[in-house]
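A.B. asks: Using our numbering, the first residue of the sequence shown is number 13, and each one after it goes up by one.
It is worth saying that the hints were derived from the structure and are not from the lab.
Keeping only pairs whose Cα atoms sit at most 30 Å apart, straight-line, the calculated BS3-like set for lysine-lysine is: (1) K198 - K149; (2) K139 - K151; (3) K151 - K125; (4) K125 - K139; (5) K139 - K198; (6) K139 - K160; (7) K126 - K139; (8) K198 - K151; (9) K125 - K160; (10) K149 - K160; (11) K126 - K160; (12) K198 - K160; (13) K198 - K188; (14) K125 - K149; (15) K160 - K188; (16) K125 - K188; (17) K126 - K149.
Computed beta-carbon distance windows for the label pairs: (18) K149 - V121: 31 to 39 Å; (19) Y118 - E169: 21 to 29 Å; (20) F106 - H163: 35 to 43 Å.
All C-beta atoms in this analysis are idealised placements derived from N, C-alpha and C, irrespective of residue type, glycine included.
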Amino acid sequence: MSADNPADILSRGVLAQELKVSELWWNGLQWLSHSNDGWEHSVTTLPDEETLSERRVVNLVLTTMDQSIGLIEHYSSWRRLVRAVVWFLKFIDFRRTRQIGTTAWYLSVSYLKKAETSLIRQAQLQKFNEEYISLSKNKEVSGRSKLKGLHPMRQSENLILVGGRLANSQIAENQKHPIVLPATHKITRQINIINNIHTFLNDNKNINKNETKIKDMVQPKNQNQASNFTHKKYKHSLH
13 MSADNPADIL SRGVLAQELK VSELWWNGLQ WLSHSNDGWE HSVTTLPDEE
63 TLSERRVVNL VLTTMDQSIG LIEHYSSWRR LVRAVVWFLK FIDFRRTRQI
113 GTTAWYLSVS YLKKAETSLI RQAQLQKFNE EYISLSKNKE VSGRSKLKGL
163 HPMRQSENLI LVGGRLANSQ IAENQKHPIV LPATHKITRQ INIINNIHTF
213 LNDNKNINKN ETKIKDMVQP KNQNQASNFT HKKYKHSLH
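Working from the sequences, and respecting the hints, build out all of it.
C.D. replies: Dropping the structure here:
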């Protein structure tokens, strides 16, 4: 407070006679002359690890969504959207490392995969935000969630996958745990278009040799359909 600040005595103006007998000027605050046992103590409460973890998850969600939501809305083509995100990721890496790699001007397979994963994650964050945060804290999703019947899990790339009894079956990993996509999201529609194109090409024996990486997807609309999902597949072209 200003009234407790000795320097403010002069700034407010004071007579020499008053300054001569001023306890505040000569001795400072009264409590400074007392034992520190009587001093006021402020108590700082540190948040527990669970609270910090939740804050980190929420901050990650908000930051990531802000970074690429504009790109998702801007592009109507999955292929162009993925490539735009690749350049976005390359720019982020350059700003972080200040180094231009030998593949800086090429669309590498690793960056295409990172871009696709990032976009799918955005769709999940936008439509399954509550479930994503729960799984990020190693908790089960709410009983009212439309994903509940899928026994959802989160893997190393921070994507929501289907869990369940297929974990021990002798099938490919992406078939054991398909990626969950929101049926009404824009990128799901884009992926379905790509999937339909590749189905047509496959039926006509005209698959491009550079198309790789089949991924299984499920698109939940409501909880009653949890046991009757259609597995969707798509491939990305490298040129």
